[in-house]
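**Q** Spelled out, the chains give:
2 protein chains.
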Amino acid sequence: MEVKDNVDAQAAMQEEEKGKDAERARWYTDTILQSELADYSPVKGCMVIRPYGYALWEQIQKALDQMIKDTGHSNAYFPMFIPESFMTKEKEHVEGFAPECAVVTHGGGKKLEEPLIVRPTSETIINYMFAKWVQSWRDLPLLINQWANVVRWEMRTRLFLRTTEFLWQEGHTAHATEQEAEEEAQRMLGVYKDFAENWMALPVLTGEKTENERFAGAVRTYCIEALMRDAKALQAGTSHFLGQNFAKAFEIKFQSAEGGLEFAWQTSWGVSTRLVGAIILGHGDEKGLILPPKLAPIQVVIVPIYKTDEDKATVFERCQQIHDLLKPSVRVHFDKREQHTPGWKFNHWEQKGVPIRLNVGPKDVAGNVVEVARRDTGEKIRGVAMSGLENEVAGLLTAVQKNIFERAVAFRKENTRQLTEYGEFKSTMEEKYGFVEANWCGASSCEASIKEETKATIRVIPFDWQPQDGKCIRCGGASTKRVVFAKAY
Amino acid sequence: MEVKDNVDAQAAMQEEEKGKDAERARWYTDTILQSELADYSPVKGCMVIRPYGYALWEQIQKALDQMIKDTGHSNAYFPMFIPESFMTKEKEHVEGFAPECAVVTHGGGKKLEEPLIVRPTSETIINYMFAKWVQSWRDLPLLINQWANVVRWEMRTRLFLRTTEFLWQEGHTAHATEQEAEEEAQRMLGVYKDFAENWMALPVLTGEKTENERFAGAVRTYCIEALMRDAKALQAGTSHFLGQNFAKAFEIKFQSAEGGLEFAWQTSWGVSTRLVGAIILGHGDEKGLILPPKLAPIQVVIVPIYKTDEDKATVFERCQQIHDLLKPSVRVHFDKREQHTPGWKFNHWEQKGVPIRLNVGPKDVAGNVVEVARRDTGEKIRGVAMSGLENEVAGLLTAVQKNIFERAVAFRKENTRQLTEYGEFKSTMEEKYGFVEANWCGASSCEASIKEETKATIRVIPFDWQPQDGKCIRCGGASTKRVVFAKAY
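Residue numbers (our numbering), protein chains in the order written: chain V, 663 to 1151; chain E, 663 to 1151.
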């Protein structure tokens, strides 16, 4: 396979070191390491997902897996090694992925006759199997999902956002008609939007990518696009309408109900451990993580406060009682460690983004109350009655989930600008970032110039926008295409 | 790395082609392909786990993951690439695994400075991280589990039982004392035994492996050993006491409570997709799979029986009603397909090993009853009343689970022999197979001769056996060691 150096990525790496971006990058890394979500590994570009980070990923998996099953898909597992010849069957696919491949050349002490690619994505191997399984229209639709690790050799990497190896789910489907496949691609984008907004508490734009940003081998790529708290955009998930490109490359043919022989229509779609990065950057503040209650591995932490041994006994007993009370309905943790002060624990659990903290001291025990601290607002509510505490906590968790979503919606609104003048566009991309809605003539050359001059890219061509007459923000040419630009991760 | 050809495996491959073993091998492969548990892939030695097989693996994962968490372990994820130099740090480990490694030599279009091994197991990379995380006795015990794919380059492979890439969980722990680590290794073996017997419905022997069969790098290897329906043994899980071998290789040192600097004591343990093979071979019969109800992806299937369109409407309505009734408590499927006859469906679901089938015809609807068919006994119970059907079904699922376990216990008993004479030992291993309890002098040479002459190996030195005076089955020398021999998968 032919390979080119990834010059763009190197340039981006240098750019990253400047000013507030550098500061934000440091905050991001420090937050991940200190909250013990992940750690650097001795393997270039690969990270270790530590128990706290993996527990968050497990919550993401659990909720999303159910949504994927509820829309009729079944999980399966395909080999992670792909014969090199498979990768070359779809022309655009190989051009897109060849530069990023890790290659196994030796196995069992011998040089392999044909090198194996470690999957960067599984269209090729899965569609080879689909061709074997699909004979008749009765075998369709074929709706498969896989949870797996994949490898893309990246020049510059960043914990969770872009790692050489990452974890993800990849859906692959085959349908009898173009319309069904198109509906499927959009349905799964809808699932991603639902998940992002209702579980991750992050509002997302949905729409189509431009040709430049399209998945290698797709006819159309749809995406969900979120805005982080530093006003940079993050692509959080993609869904591709593949047309018949892979079906033709791998000969996925079926006998139609009418008796003809036709190529299947296909989709693929995926989200990854990058979603953890989206949660960190989308909600976090100077104190550390702020986790959405629905996905937080620990939703409520109980911190005992005492000075004397006698107090300790009373307070521990009450904490244990609260723990046992909440346990059936809430992911609760009682921090019993004696080597740390309450103040240390407050910081510790704030950094880890636990939505609600219950502080319990001797006076609280005596008065049959607890003190409740909210991570999202910093608010402390004293004297919350023990009776009805489960309901109070459940209500607060819902309130936190709602509040951080609304805050993110408001932040996005504040940081979305409609611009018509390129000077203003450039200064916005230099200073304020955010989403910029502007007209674009549709030329790749304008898109490329804008990227070169401002580092901003077209994040998405929103679905629901009516054509709007105007002038291309770059060349001033006539344009009815309104798109969203941003600097992105 | 130095590599030797795997001559044993080649010999075994030839041996496999003969007589009843060949017949059994064909049954095994046909059953897997026809029940759609898995399929061959275009990648040598790798399989595709199809939705039905993956759903079974998901049930295994769900139950076992909870047991692993309940014993205090947390899940995490480590890179699948291991720098070659890591593998060589523990001398016995590299000798054991080097011949089986897949090696990545190129990434991003360039030759790597240091080749990367695709993990065959993760002791090396995980212990490198443990050394970073463990400083004080307060950091211990460190109890980590990982669900992952691993690669071992095998000469001959068989679906689920031995594939180049397979899925597994691998536990890795570090402790302050030898005793704690020893207890942990045995505790996790206990978890595996519990899981095998109470979920998979397969009785297992537990004990220690001989030095020859020990994990490369372990001080002691414990295992669970099951007997398949063809009277061959299957190692279903292992738990290793690693001593301080890896701690010394990777410098996992900690400050003890007394202030000294000590090396940690460690364990590792794992089970894999091989468990699916154990379920197939441990319970299946000439009709196909027999799945234990607690793990069956579909516990109850409903088959409508009708001739006229009018009957169809009534019967479908009742089937849907039963489906909705059972759904909250049971994994139930209503087979609505119209292109297949009831007879075809009976065979189909029997082959897939669904524990209970409900047949519903017009007369059943009229009489407010259903017909219940048990997969394990073939028994049909006519006229089971609709009222109380949930309880009836729940009771039957428990009964099936119990019955197939007891049947497996009885089968093992029938196929376990106490022998003292080598001639009889040889003929047993030629014709009847099964477990053979016999004395062994402890010499590797006798163990090797027996393997060469009969293909039988020492499966396990059981924990709970008292020394028993006798003579080595092979050399006649004095022996107090009673062990279990078998021909194994």
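Possibly wrong hints are sitting among the right ones.
When chains are identical, the list treats them as one kind, so a pair holds in a single copy or across two.
[As the list claims (entries may be wrong)] Keeping only pairs whose Cα atoms sit at most 27 Å apart, straight-line, the calculated BS3-like set for lysine-lysine is:
hint : residue 1 : residue 2
1    : 1025      : 969
2    : 731       : 794
3    : 753       : 772
4    : 1117      : 724
5    : 682       : 706
6    : 1133      : 751
7    : 682       : 794
8    : 772       : 706
9    : 969       : 1113
10   : 1117      : 1075
11   : 706       : 915
12   : 998       : 794
13   : 1133      : 974
14   : 1143      : 1094
15   : 956       : 974
In short, the hints are calculated from the structure, not lab data.
**Q** All hints, please: hold or fail.
**A** These are the hints, each one checked on the structure:
1. 1025 to 969: within (12 Å within a copy, 75 Å between copies)
2. 731 to 794: within (23 Å within a copy, 39 Å between copies)
3. 753 to 772: between (30 Å within a copy, 21 Å between copies)
4. 1117 to 724: neither (36 Å within a copy, 45 Å between copies)
5. 682 to 706: within (26 Å within a copy, 50 Å between copies)
6. 1133 to 751: neither (41 Å within a copy, 64 Å between copies)
7. 682 to 794: neither (53 Å within a copy, 31 Å between copies)
8. 772 to 706: This pair counts as both: shortest intra-copy Cα distance 25 Å, inter-copy 14 Å.
9. 969 to 1113: Neither. Shortest intra-copy (60 Å) and inter-copy (67 Å) distances fail the 27 Å Cα cut-off.
10. 1117 to 1075: within (22 Å within a copy, 73 Å between copies)
11. 706 to 915: For residue 706 and residue 915, the Cα distance is within 27 Å only across copies (25 Å; inside one copy 42 Å).
12. 998 to 794: between (57 Å within a copy, 25 Å between copies)
13. 1133 to 974: This pair counts as neither: shortest intra-copy Cα distance 70 Å, inter-copy 63 Å.
14. 1143 to 1094: within (24 Å within a copy, 77 Å between copies)
15. 956 to 974: Result: close neither inside a copy nor across copies, 32 Å intra and 44 Å inter.
When the structure is compared with the earlier hints, violations turn up for hints 4, 6, 7, 9, 13, 15 and for no others.
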